[in-house]
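Colleague: Residue numbers (the working numbering), protein chains in the order written: chain A, 2 to 393; chain B, 197 to 583; chain C, -10 to 216.
There's no promise every hint is true.
As the list claims (entries may be wrong) - Only some residues are given here: those of chain B computed to face chain C with a beta carbon under 7 Å:
hint, residue
1, V493
2, G498
3, I575
The hints are simulated quantities; they were obtained by calculation from the structure and are not laboratory data.
Given the structure is predicted, the values throughout are model-derived calculations rather than measurements.
Every residue gets a Cβ at the ideal spot worked out from N, C-alpha and C, and that includes glycine.
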Amino acid sequence: MFKQLFAITIMNLQTLPQRLGASSVIVIGITGVVAVLVSVLAMAAGFHHTLADSGRADRAIILRGGSDAEINSGLTREDVDVISSAPGIAKGADGKPLISNEIVTVANVPKLDTGTDANVTLRGVGLKLVEVRPELKIVAGRMFRPAVRELIAGAGAVKQFRGLSAGSVLHMRNADWLVTGVFTSDGDIHESELLADVDTVGSSIERDVYSSAIVLLESPAAFPAFKDALMTDPRLKVDVEREPEYFAAQSKDLTHTLNIIGNSVAIIMAIGAMFGALNSMYSAVAARSVEIATLRAIGFGGLPVMLSVMIESLVLALLGGILGGALAWLFFNGHSVSTLGAAFAQVVFQLTVTRTLIVTGIVWACLIGVLGGFFPALRAARLPVAEALRAS
Amino acid sequence: MKYFPLIWATLWRKKTRTIFTLLSIVIAFLLFGALETVDYAFAHPNTGTSGANLLITINKYSITLSLPFSDEQQIRSVPGVTAVTWFTWFGGYYQEPKNFVFVLPIDIDSYFSLHQGDFVYDETQFQTFRNTRDGALVNAQLMKKHGWKIGDRVGMHSTIWTQKNGSLDWNFLIVGTYDVSDPTQRNQQASTFLFHYEYFDEGRSFGKGNVGWYQERVADASQSAAVSARIDALFANSSYETKTQPAKDFALAFIKQLGDIGFILHAILGAVFFTLLFLTGNTMMQSVRERIPELAVLKTLGFTDGDVLGLVLAEALLLCGLGALLGLAASYGALPIIRLGLQGVELSPLALLPGFGVAILLALIVGLPPALRAKRLNIVDALAGKH
Amino acid sequence: MSEAIVSLHNIRKRYTRGKQHVDVLEGLTLDIQKGEFVALMGPSGSGKTTLLNLIGGLDKPTSGEITVAGQRLDQLGSGALSRWRARHVGFVFQSYNLMPMLSAQRNVELPLLLTHLSAAQRKANALAALTLVGIADRAKHKPSELSGGQAQRVAIARALVADPTLLVCDEPTGDLDRKSADEVLHLLQTLNRDYGKTIIMVTHDPKAAEFAGRQLHMDKGALAESG
């Protein structure tokens, strides 16, 4: 059987150039489907990576109880003092607990592409920033100094907004701030932010409550005891979460929406592509009905004939899938996009065309190819031989 | 037209092929309708018929920051302003975070005077609302959604405002309902839950005396820009600088921050129609190629070259037009599904109109090459089988 | 004495393929009277189909004059030639050339689409033509549902429906069996004798040629009369 299958398939593929028009329909149709699918899912994947992959299991974020996001939360100095005395917090080089009390607010900065103002998150951070967030690296310029209006800009923010390179001066809230450096932090959400000294930020917006406290624990295993101590303390009303869970919850809605959109649009397009494939394969079979009938008359079985048609459809679909994935990768991989995050400030993320996505695209392509080739293949196998030969 | 039976019969020469091509076109236009509707909705935020002379004043740096209550008097005295009212974002939901409710603390007098004529309510219920400190006037659709009745006590959770007792759960007594006069505004107001600003301001444990944003009505819509500038000038260089703009611009600026939605949607549509072009073009070319002898016969009967060109074009128009009609109709039927995903956004069937233009363009692009082929064919050669 | 309805004078038809050219007809002159039934015979490649195409206005001569029903065909532009054809010529082909997706009636109505007749009139005329050729009962059938002879008769009805000056037939019985061929030929004869239709028929079948009133032979582009 396989010898027959091989022979017919080779013959089909050799005559493919004659049917360029119909064949290219399948390829192009599927290229479109896969390109769109992979691109939209890459947005979801990129956003998810930026948010949900942010954070470490041994770092906890503490908010006021009942607030679902930092922007809504308010912790007092007393709250922070109580928190820093809880068990399980790692100690810094100076023996003091590694806690960063933070204030989250927004600033208006013009966007690079439109020139109109958009909100960027300005995060005031405590002195222990470097030890609490070891993944943070200054890649240009230097760290800001406390008690003065200096800030560092995340690499993502630099890509989306004007005037954030090291050494520039940013005019925010009627005061000038010096951008002393640019930082990266493993591509997480903080790369969309501007970081400065917490007390300077606080006095600049006339606010003396903190948004959150970030704590580096001795180990991931220390979390349950730490959380328990805080939740049972009568002086506090707080929510305690591991960072990854907190960010995952933040990204849930948009990632979910993007995934739904991507899959819905792709399904619809796939149905359309399938009709195109059906058309092309039916006409391919009709065009070669005499050859197929001759093969059958010679003695080739119905099954090899049928499989050969499906293989042809599959090969074309595969080509389309690879092309579509390649196009998505070429145009959009690494492309920086920003959208509104939880604090009504821009969150920058990069479209990430991952290997998984490309494989997903190819699987879709093959599915369309198989479905589109099945019925025409069936017809080819069932062709009434004598009739077809007589027609020639 | 008298040629219709001929064109229609020609279209269905190869039934399965025509059906598949037609279905592909239907699907493409279904997507077109759906995506264009979403794009249109975002590009034309509905601020209603009364929205033309509505302004919104927020803290210049972010809507998450507040403004002092004392600003109200100054804004009221700005020439051109006929009414001012104020709000604060409550961040409310009912029982679970997914049950978002637009819980709105209002100053009753200024709110209803600014929105005169926009709402429909029972006068007795309204008076009760006025006199009940923790009373709530609820949008009729919201009442229906949660099955509330007048006299019910409900709790609303705020994600931001703790009360003096430390709780984020606020308690209200539903004393009345209201509806919107303008039916096109229904969706916008469908989750609104109105209550007293005093109850809010006195009950919250921080932020007292502050306001989230102001809303103003101007006498003359054409003066919006000038009045906005005057209001902002009042507070420039203070610690609470403002940004005032017409309600529609505010909505658009907000949407802009979501990202370039239009670009994404149109990029997807571009990909869809490019592939459709290929598919339909191939079908038309194939179909005409098969029909060359028949087209030659038509010419022998006396149909001119131009007649034959017209017949092929008409066929393309019929195919694309039919597919477009079915696809756009399907997307119109899918509006309720789209509404589910985009709550509070007014969707308009107007977005579908460009679809017909697209259908004609598509027909011309896929129909012209085979039509020209048909026009140019030589009768003698075609009949002799050499083509 | 009837007037010449078709008059060809010194006709040359040359086909050029790249650098080569073939003179299919050279200096051909011919007159056909109104009401004649002419059979045109000859071996393949003799140019008889070419001659037929010229008379029917499907093609133009390289040089020479063609006059049909008083109109100089060689002087008409392609659009005018089309319109002339619609009114003056009815074609019958060897392979019938009916539209497969239209019923017999709709096929016959096709030439009438080019006129200003109303839908009702078109239908009436088509049915009349179908009755004339004897298959009005098959009006709603598609060509795939008709036998060879029936299909050819529908083709003849189509050729007649606009009441053309000439009926031009290219091997009308070539694809038919003996019995159907005879029926069709008898029909053509009736159309000629009883209705006065001028018919020019190309055929390679001597039996078919006998139905005609006048037989012409072509060989290498030249004419010779016989019978």
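Colleague: Each hint: holds or not?
Modeller: Now for the hints, and whether the structure bears them out:
1. Below 7 Å, beta-carbon pairs count as interface contacts, and V493/B has one with chain C at about 5 Å; its hint therefore holds.
2. A hinted interface residue such as G498/B counts as satisfied when its beta carbon comes closer than 7 Å to some beta carbon of chain C; here the least separation is about 2 Å, so the hint holds.
3. With a cut of 7 Å, the hint placing I575/B at the interface with chain C holds, because the nearest CB-to-CB distance is about 5 Å.
Checked against the numbered hints given earlier, this structure breaks none of them.
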